[in-house]
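S.K.: If you're matching positions, the sequence shown starts at 1 in full-length UniProt numbering and goes up one per residue.
Quick caveat, the hints were computed from the structure, so don't treat them as lab data.
Keep in mind that this is a model prediction, so the values were computed, not measured.
Derived lysine-lysine pairs resembling DSS-like cross-links, with alpha carbons at most 30 Å apart: (1) Lys431 - Lys448; (2) Lys27 - Lys72; (3) Lys914 - Lys448; (4) Lys966 - Lys930; (5) Lys741 - Lys914.
Quick list of simulated restraints, FRET-style, between CB atoms: (6) Ala543 - Ala787: 41 to 51 Å; (7) Ala947 - Ala90: 53 to 63 Å; (8) Gly841 - Ala768: 26 to 36 Å; (9) Glu93 - Ala768: 44 to 54 Å; (10) His128 - Pro695: 40 to 50 Å; (11) Pro695 - Ala768: 20 to 30 Å; (12) Lys503 - Ala643: 36 to 46 Å; (13) Gly542 - Arg973: 21 to 31 Å; (14) His128 - Gly682: 52 to 62 Å; (15) Glu265 - Arg446: 28 to 38 Å; (16) Ala643 - Gly737: 29 to 39 Å; (17) Gly422 - Leu19: 55 to 65 Å; (18) Ala786 - Pro684: 40 to 50 Å.
Each residue gets a CB set at the ideal place from its N, CA and C atoms; glycine is no exception.
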Amino acid sequence: MSQLVGPAQALHEAFLQTLAPNPELIKQAEAYLKTAAQQPGYGIAVLQLISAESVAVEVRQAAAVGFKNYVKYSWSPRAADGLSGSTPLAIPEGEKDQIKVHITDLMLAAPVRVRSQLSEALSIISSHDFPARWPALLPGLLERLESADEVRLAGVLATADSIYQRYRAQFMTDALSAELDYSQQVVAPLLATLRRLTPRIAERAADPPAQALLLSNIQLVVSIFYSLNSPGLTEAFEETLDGWMSEFHGLLVLEAPGVAEKDPEKQSVLDVVKATICEALILFLERNEEEFAKFLQTFVQDVWTLLFSVSQNPGQDNLALHAINFLTAVAGSVHHSLFQDPAVLRQVCESIVIPNLRIREDMEELFEMNWVEYVRRDTEGSDSDTRRRAASELVKALTARYPAQTTELFSGYVASMLAEAGGTGRAARWKAKDCAIYLVAALTLRGKTASAGATSTNDLVNLQDFYAQHIAPELAAADVNDLPVLKADALKFATTFRSQLPKATALATFPHLVNLLASESNVVHSYAAIAVDKLLSQREGGALRFQPQELAGCLQGLLERLFACFALPDSSENEYVMKAVMRVIAFVGPTIAPVAPVCLQQLSQLLLAVCKNPTQPGFNHYLFESVAALVRFCCPRDPASVAKFEEMLFPPFQIVLQEDVQEFHPYIFQVFAQLLETREPGTPLPPSYVALFPPLLSATFWERSGNTPALVRLVRAYLAASPAQVVAGGHLPAVLGIFQKLVASRALDHEGFLLLDALYCGGVPLTALAPYTPHVWTLLFQRLQAARTAKFVRGFVVFTAAFAALHGPGELMQALEAVQAGIGLMILDTVIAPNLANVSGQWEEKLVVVGITKLIVEAPQLQAQENQGVAGKLLDALLRLLDGTSSSAGASGDEAGDEEAGVGAGGYSAAFAKLHNAQRVEPDPLPGIKDAGVFLAASLAKRGAAAPGTVPALVAAHVSADHQAKLASLASRAGVQLT
1 MSQLVGPAQA LHEAFLQTLA PNPELIKQAE AYLKTAAQQP GYGIAVLQLI SAESVAVEVR
61 QAAAVGFKNY VKYSWSPRAA DGLSGSTPLA IPEGEKDQIK VHITDLMLAA PVRVRSQLSE
121 ALSIISSHDF PARWPALLPG LLERLESADE VRLAGVLATA DSIYQRYRAQ FMTDALSAEL
181 DYSQQVVAPL LATLRRLTPR IAERAADPPA QALLLSNIQL VVSIFYSLNS PGLTEAFEET
241 LDGWMSEFHG LLVLEAPGVA EKDPEKQSVL DVVKATICEA LILFLERNEE EFAKFLQTFV
301 QDVWTLLFSV SQNPGQDNLA LHAINFLTAV AGSVHHSLFQ DPAVLRQVCE SIVIPNLRIR
361 EDMEELFEMN WVEYVRRDTE GSDSDTRRRA ASELVKALTA RYPAQTTELF SGYVASMLAE
421 AGGTGRAARW KAKDCAIYLV AALTLRGKTA SAGATSTNDL VNLQDFYAQH IAPELAAADV
481 NDLPVLKADA LKFATTFRSQ LPKATALATF PHLVNLLASE SNVVHSYAAI AVDKLLSQRE
541 GGALRFQPQE LAGCLQGLLE RLFACFALPD SSENEYVMKA VMRVIAFVGP TIAPVAPVCL
601 QQLSQLLLAV CKNPTQPGFN HYLFESVAAL VRFCCPRDPA SVAKFEEMLF PPFQIVLQED
661 VQEFHPYIFQ VFAQLLETRE PGTPLPPSYV ALFPPLLSAT FWERSGNTPA LVRLVRAYLA
721 ASPAQVVAGG HLPAVLGIFQ KLVASRALDH EGFLLLDALY CGGVPLTALA PYTPHVWTLL
781 FQRLQAARTA KFVRGFVVFT AAFAALHGPG ELMQALEAVQ AGIGLMILDT VIAPNLANVS
841 GQWEEKLVVV GITKLIVEAP QLQAQENQGV AGKLLDALLR LLDGTSSSAG ASGDEAGDEE
901 AGVGAGGYSA AFAKLHNAQR VEPDPLPGIK DAGVFLAASL AKRGAAAPGT VPALVAAHVS
961 ADHQAKLASL ASRAGVQLT
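Please take these sequences and the hints and turn them into a complete structure.
M.R.: Okay, here's the thing in structure tokens:
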């Protein structure tokens, strides 16, 4: 497959064009490739291109990426999630067979950059086809495992590694067990390969490149070993475990100076091998402790010795990390007695913990030169792959097992480091205090959550004294730019242990936080903003810990300093500061009104700036959350302020639409809807809104699925605010056309029902909708018949019941019968009744109970004797719904909401960036009915009064005993008799 002909040549030009610097050329090439991917033979042609050694490796790599994506979407296509509901073209089975042959061969010879992409594609294919539909794969790999060509062997091992990676983090199932049983035939040959390779390491000592390739292949063997053992120890591995562990021991103690990395930033291939072995040892200790026990002493000694020889070079971070993690796993296991000797603990602290907790030069550089990455690592849990985190976890594990011994010993080192830092020349000795703070945090912290910080601590550490003596002075220091790393440490410590600090102590930090927001250090003012965010969202006993009146003296200064941060170098789009702005606005709530115009002015200016080049999704999200929070707390209480908000927000919003800033479309649609929803229903809309509506209905916006929820919300807001203008403008056909596309999509049909609800259950006159109603029901029936899902049925049940509740059973049955005679009763019997009890949601349940009740007691068809079975099924289903526990929460609650659980936790989402502060408050659709259950009982009593004996007969014949008891309870609550 090396000579380019026909389609492969054309694809070469297209993939080459995707690498061009011209965006227009890239778009053209992508369009061509999208079309080409729908043609038979595409996958084979791409593989032909990838295999051509005459083609530049960059083009081959681009083609491999394209092939991987092609396989991802077309190997086993499912219904698309887009509006069209279309399905990607499936690859023909014959072509799949050819692909499976060629990709295996390619993996053996492709350059590393290309192989990595092919490896992912092969992993996708094998997840669908291996082993059942790819029986030739494993025998072919086993045959090639004996290859003397180590380059080809690398391809074989990389292929096997790709196949078995998916077993990681999987639990044993019958299907997985069957696959593992099939794969056991690889165990013995794989061990034989490892035994064949390890002696060659010494033989290749004079040839470092050959030695490096050899070690790389060994690493792949260990990786495969890890994957195959992830679900659990199999018989084949248990029988050969001595051999595997012997090889691992030899590799852990191996020295190979020839492959040592000269660049201190890079890890050597031998370090990668040893790190992978440490990962495998951790797996065995956690999953197969009994079988592993006899090897433990040897490996603890190996890893212990290894850690003493590991340097502080960044290139050895990965090895140090996994080695420390292994010791942490041992300390947390039943074998923790290996650490109980005080001399061992002392050596752990001196030789492992403190060296790996100390700040290094590269971390200082990160602090100063790449503050975003420093903060991300240090505060968002992404430091899990750092030595500091690993050393901290080791301290926690030892403290959990030997609290008194570990605390006393390590506290001595803390005191020593603090004394060192407090002496003369503090500026040169601050690193000792930095290390001490980290060690105290590790000793003290037992449990934590994102919302509360530390939730349990080591009682043997006097946290309050340490905070007062060593943390508070750093926060209160007059010079906010002095020793910024210690300022950041103190802020992080105060934030982590905020729940453990007395309320008065925590309150006293706010003035210091305001001052620290003025620090020139991006890390420091970001940490100060994070502290503000966490403290203001902190809850105690279900309520916010702090109240606005307790912070009245510093809130204005806090907002001013937060906005001033955006003028500091490299913080113009600081997402931590913007999140703190949002938090302050939400915390203050309605009392933000006096300063709202100033805040809105600042936010609109920031919005205008980021519209030009939106690069920080987190910042952008919290910017719009802040705008939405101002609208939320100001506009409903002061309708006159709406015009002012519109005046400030429309200019940047218009730029977003005119410049097609797609990232911001979902945001502005939500805020537009929020503003519309604050207007008095029925009042004419301003010309600006009227002019905006037709473009919103164009296909361009709706093609992007991330826009759909926000657009549906906005169209609903238009229909609620001024339905007459929507009807008069002739927009109903376009709105119904959107509904038709949405309801055809499994992913978006619920949005279609929201539109339908706004049309038929809002302010649009039924007469205006009459010409379209038969087609609407026809579409719903077609979807029920062709692609019924539980979600769609729930939406259908609620809409049908709502139609009856709001327009009357007569209108509903007439609309259904207009589609097909007799279909109304059939739908009630076969669709509505069996699925009533699956409805959830406060207002949804109310609509269903009221609507179906009206059908039972008012619909002429259900009064006929021959249809009492249908009426009885509906009644029994209603009582089952009322007898269940609603999954929906009540509408009432703290107005500010659980901000931490909402926007703080969710943040930015590429698919649909929902604004927590712009959430729609769904009104009660039936405000005149307070209790749906009482309404049911009263309605049945009314029917019984008009036709005595019919209700008891209906209940006796069709309602279960349990549900009869429920009905009696409802009748008692309603104060009626069912006769």
